[in-house]
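Asker: Sequence:
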Amino acid sequence: MAMSEEHQKQDDKESTDTVEKSEDSLASVKNERFAVFQNKYFIDLKKELPRYSTEHVKAYSAGTSESNPRGLFAMVCNPNYIPRTNISDYYQKLANQSLPKLIAYGRALLGNKKAVFCYIYQDDLGERLYEDDEDIAKGWRSEDIIENILIPVVTSLNNLQQRDVTHGNIRATNLYKSDKQTSKIKLGECLSAPASFNQPVIYEPVERAMASPIGRGEGTILDDLYALGVILAMHVRNFDPLRGKDDDDIIAAKVVSGSYSALVSSNDRVA
39 MAMSEEHQKQ
49 DDKESTDTVE
59 KSEDSLASVK
69 NERFAVFQNK
79 YFIDLKKELP
89 RYSTEHVKAY
99 SAGTSESNPR
109 GLFAMVCNPN
119 YIPRTNISDY
129 YQKLANQSLP
139 KLIAYGRALL
149 GNKKAVFCYI
159 YQDDLGERLY
169 EDDEDIAKGW
179 RSEDIIENIL
189 IPVVTSLNNL
199 QQRDVTHGNI
209 RATNLYKSDK
219 QTSKIKLGEC
229 LSAPASFNQP
239 VIYEPVERAM
249 ASPIGRGEGT
259 ILDDLYALGV
269 ILAMHVRNFD
279 PLRGKDDDDI
289 IAAKVVSGSY
299 SALVSSNDRV
309 A
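Here the numbering used here is used: the first residue of the sequence shown is 39, the next is one more, and so on.
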């Protein structure tokens, strides 16, 4: 019994040390210029890329040249939240042009030899389509919605499902449009934070919306399809009936009226 308690204390100490080291690593990001991964990839921590950053995970320019790293972007994970390492290998094997291509992932070293966990992607998504998830009412034609959003996103979800992976990060502010001559939408990254952690409640079914974001779990393909349905509703409607409502009001509207009626008011005409 004494030996078991001693082992437990040792495990607790190691866990505490790991957390403290991780927190120190995140703090040191502000003080170090480059993080180096596999002695091959260089992350410029002075060049944040806001179009890929989220509230909890920051994105930076990256590349194979130390003097001018570019062509890639790195998501530098927040040590307070566990990234989706359990599915990263499956994701990396995907070949889908509507998803960011994962080049590498793991611990990168800062100049002071401290480590930060990161994901490195090909930087070819283009520009973020929306800067916030509120008051989106585009009134698109159904043909445009099907061609530019529905088909590429569903194809991506099919590819993910084949490897038993959920995206868990489908929302308007994680949609991108390439600079190339195409109007088709691309999905942003989904590995650097827990599934659904960055999702506003509007994109979640009622049960998951009421849960704490950190505790929603991986979810299923049905949750991804629900979030896609919300995005489609946003683009088909002509005005936003949930404008100005807080999370509790949005959840209540879904409970009382159902998701579709809450998202697309009966006063709106949907072709």
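There may be inaccurate statements among the hints.
[Claimed, not checked] List time: in silico BS3-like cross-link candidates among lysine-lysine, alpha-carbon distance up to 25 Å:
{"hint": "1", "residue 1": "K176", "residue 2": "K85"}
{"hint": "2", "residue 1": "K84", "residue 2": "K139"}
{"hint": "3", "residue 1": "K96", "residue 2": "K215"}
{"hint": "4", "residue 1": "K78", "residue 2": "K176"}
{"hint": "5", "residue 1": "K222", "residue 2": "K152"}
{"hint": "6", "residue 1": "K176", "residue 2": "K152"}
{"hint": "7", "residue 1": "K84", "residue 2": "K176"}
{"hint": "8", "residue 1": "K96", "residue 2": "K176"}
{"hint": "9", "residue 1": "K85", "residue 2": "K96"}
{"hint": "10", "residue 1": "K152", "residue 2": "K215"}
{"hint": "11", "residue 1": "K176", "residue 2": "K222"}
{"hint": "12", "residue 1": "K78", "residue 2": "K151"}
{"hint": "13", "residue 1": "K139", "residue 2": "K222"}
{"hint": "14", "residue 1": "K85", "residue 2": "K283"}
{"hint": "15", "residue 1": "K176", "residue 2": "K215"}
Derived from the structure by calculation, the hints contain no laboratory data.
Asker: Keeping to a limit of 25 Å between CA atoms, is the pair of K96 and K176 held or broken?
Answerer: Since the Cα atoms of K96 and K176 sit roughly 29 Å apart, the hinted pair is violated (cutoff 25 Å).
Asker: Is it true that the CA of K222 sits at most 25 Å from the CA of K152?
Answerer: violated (40 Å)
Asker: Sort out whether K222 lies within 25 Å of K176, counting only the CA atoms.
Answerer: With Cα atoms ~16 Å apart, K176 and K222 stay inside 25 Å; holds.
Asker: With the threshold set at 25 Å, check whether the alpha-carbon distance from K176 to K85 stays at or below it.
Answerer: Violated: K176 and K85 sit about 33 Å apart, past 25 Å.
Asker: Going straight from one Cα to the other, do K176 and K152 come out at no more than 25 Å?
Answerer: violated (46 Å)
Asker: Taking 25 Å as the top limit, are the C-alpha atoms of K96 and K215 close enough?
Answerer: Satisfied, since the Cα-Cα distance of roughly 20 Å is no more than 25 Å.
Asker: Quickly compare the C-alpha distance for K78 and K176 to 25 Å and report which way the hint goes.
Answerer: violated (43 Å)
Asker: Given the hint that K85 pairs with K96, does the C-alpha gap stay at or below 25 Å?
Answerer: Judged against 25 Å, a Cα distance of about 10 Å means the pair holds.
Asker: Are the Cα positions of K84 and K176 separated by 25 Å at most?
Answerer: violated (36 Å)
Asker: Compare the distance between the alpha carbons of K85 and K283 with 25 Å, and conclude whether the hinted pair is satisfied.
Answerer: violated (35 Å)
Asker: Within 25 Å, alpha carbon to alpha carbon, are K139 and K222?
Answerer: holds (17 Å)
Asker: So if I understand the rule, the pair passes when the alpha-carbon distance is 25 Å or less; does K84 with K139 pass?
Answerer: Roughly 23 Å between the alpha carbons, so the hint for K84 and K139 holds.
The structure fails to meet hints 1, 4, 5, 6, 7, 8, 10, 14 from the earlier list, while all remaining hints are met.
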